Structures are given as C-alpha cells and as structure tokens.
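> Take a look at the letters that make up each chain.
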Amino acid sequence: MELTSEKEPKLLIVTVQDTRIDAASALRFKDEMRRVAEGGTDPVLLDLHHVEFIDSSGLGAIVATMKLLAPARQLVLAGFTPTVEKVFKLTRMDTVFRVHPRVEDAIAAMQEVES
Amino acid sequence: MQSILKPFDIQVDAGQMAVRKALSAVLDGLRPLDLDIEEAGTVELVLAEALNNIVEHAYGGVRGGRPIRIGCQHRNDGIHFCIEDEGEQMPEGRLPLGAAQNIERDVVDLPEGGFGWFLIQDLAKNISYERLGGTNRLCLRLAITVTRAG
Chain A
385 MELTSEKEPK LLIVTVQDTR IDAASALRFK DEMRRVAEGG TDPVLLDLHH
435 VEFIDSSGLG AIVATMKLLA PARQLVLAGF TPTVEKVFKL TRMDTVFRVH
485 PRVEDAIAAM QEVES
Chain B
563 MQSILKPFDI QVDAGQMAVR KALSAVLDGL RPLDLDIEEA GTVELVLAEA
613 LNNIVEHAYG GVRGGRPIRI GCQHRNDGIH FCIEDEGEQM PEGRLPLGAA
663 QNIERDVVDL PEGGFGWFLI QDLAKNISYE RLGGTNRLCL RLAITVTRAG
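Chains as they are written, first to last, in the working numbering: chain A, 385 to 499; chain B, 563 to 712.
Hints were generated in silico from the structure; no laboratory data involved. In this text, all values refer to a predicted model and were calculated from it rather than measured experimentally. Here a beta-carbon is modelled for each residue, glycine too, at the ideal position from N, C-alpha and C. Among these hints, one or two may not hold up.
Said to hold, decoys possible - To spell it out: a stretch of chain A is covered by chain B in this simulated footprint if at least three of its residues, at any positions, have a beta carbon under 8 Å from a beta carbon of chain B; those stretches are:
{"hint": "1", "segment": "398-410"}
{"hint": "2", "segment": "417-425"}
{"hint": "3", "segment": "432-440"}
{"hint": "4", "segment": "484-496"}
I would like the entire structure built from these sequences, with the hints used as guidance.
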C-alpha cells in the first residue's frame, strides 16, 4: 500500500498510489494513513483517483481513518472512480463524508474555509 | 440463444491474495462479453465480497489447501455464478440477511464493517445457498445482459 502526502496551506493531501483498497490491503492502508497523518492538525484530503477498486473492507478502513482523525480533523474525499463511487453510494457513505469529484475543487473548497 | 461466452470454472486456494487472483481470472474469462466499466465493477465487487467472506469466515483465515471453485455461465438473463468452498457452513446454515447498516449516528459510532452482504444482496439476484455434505454452494445472478458484443 503506497501513499504519498503533500503539505499544503491549511490541509494535508494524501494520494493513494495503489489501484486497490481491498481485504488484502485494508489493514496496511489504515496503518499508513495513521503514519502520514500523525502529528498534524490540518484536515486531510484523501485523493482516490488512482483507486479503481474498493471492497467493503477498504470502505471500512476509510471509515476507520475518519474516526481516527475526528473530531479535530476532517477527512475529505476526492477523485472517485466508477466502482469506488458505486460502493459509497450503495452504502450511503457518500452522505457521511464530504466528497468532491475533482481533487482541485476539494483543495479550493478546503482552503476557502475559515480564510 | 447461444452465448458468445462458454461456461468456465476457476479454482484457487483460499487466502487474501487468492481473492485478487480469482477476481482477475474471472474478469479475464468474461472478456468476450466486453463488459463496460460499471458492469465489470459490479462483477468484481459482488465476487470480492463473497470470496472475502469465504476466506475470512468459512475458512477462518487458514491458508493453503482450502479450495474455492467459481463457476460462471452467461445466459439470456445475465451472468450466473456458483461459488463452492469446503469450509464452515454459514451461521445457522442460511444466508445472512444483509441489512443496510445504520449510518445516522455520530462519527465515532459509524460501522466499519458489515457492508459485504448488504452489497451482495443489493447487486445480485436469485441468491441461493446450500450445504451439500461438507461443501458450501452459493449461487447468484448478475442481471448483466450483453447484446453489443459479437
């Protein structure tokens, strides 16, 4: 599970470089997210545009990450591909997270807040 | 109507990487149907949930020598899958209900699991489960009717 992170004003962008967050990688995703977010205070933008497939274990790992960051830090999602969007819609988890179709829009929205 | 796809079977040994291997073999086998990204996503998601359940529950995570067989057949009303394993039977010998999770709650109380059967029940039709001797047999249909290919 490869994640890259970039510190931007007012937010941390974490990009998943793998194409899957599934049962085989969910645990490592959770551990890696904890590691890259550690010590920071800014909200986190999770860029999923490389992720072509997610299963319920992967969904659970993203929910676990949101719970880990809450309540102080928000986890915002962006860059849904069709199968990722399907999983979030069917489980209605798209109503729980702030989701932006495009990463650039998410960055703009997050930097606008409280400015 | 004769499908352009001949029925095929895949067998793997249970394990987390085996699920990925099986999914890629099934999608490869379905290539003659020229599924679009939505359809392929549905196939992969439903099978992933069913196979993960077998690996995690029926076989309890034990590795090696635990076969999973997937049979696939394309008919007029969609793609039919039968999945067999030789692990523990389903709780109470029947299909889980797969109810939707309650997500109207505080972030800290949100569920992190229990979505798998809900997704299967939501996306698949004619789901049946039988215990035959020491074998679990789960069959289901995905209402994907491909007419554009061929």
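> Can the segment 484-496 of chain A be counted as covered by chain B under the rule of three residues or more with Cβ-Cβ separation shorter than 8 Å?
Not satisfied, violated; 0 residues make the cut.
> Within the assertion that chain B covers the segment 398-410 of chain A, do at least three residues meet a Cβ-to-Cβ distance smaller than 8 Å?
holds (count 4)
> If you look at each residue in the segment 417-425 of chain A, do at least three have a Cβ nearer than 8 Å to any Cβ of chain B?
violated (count 0)
> Taking 8 Å as the Cβ threshold, is the statement that the segment 432-440 of chain A is covered by chain B upheld or broken by the three-residue rule?
It holds, with 3 qualifying residues against the three required.
When the structure is compared with the earlier hints, violations turn up for hints 2, 4 and for no others.
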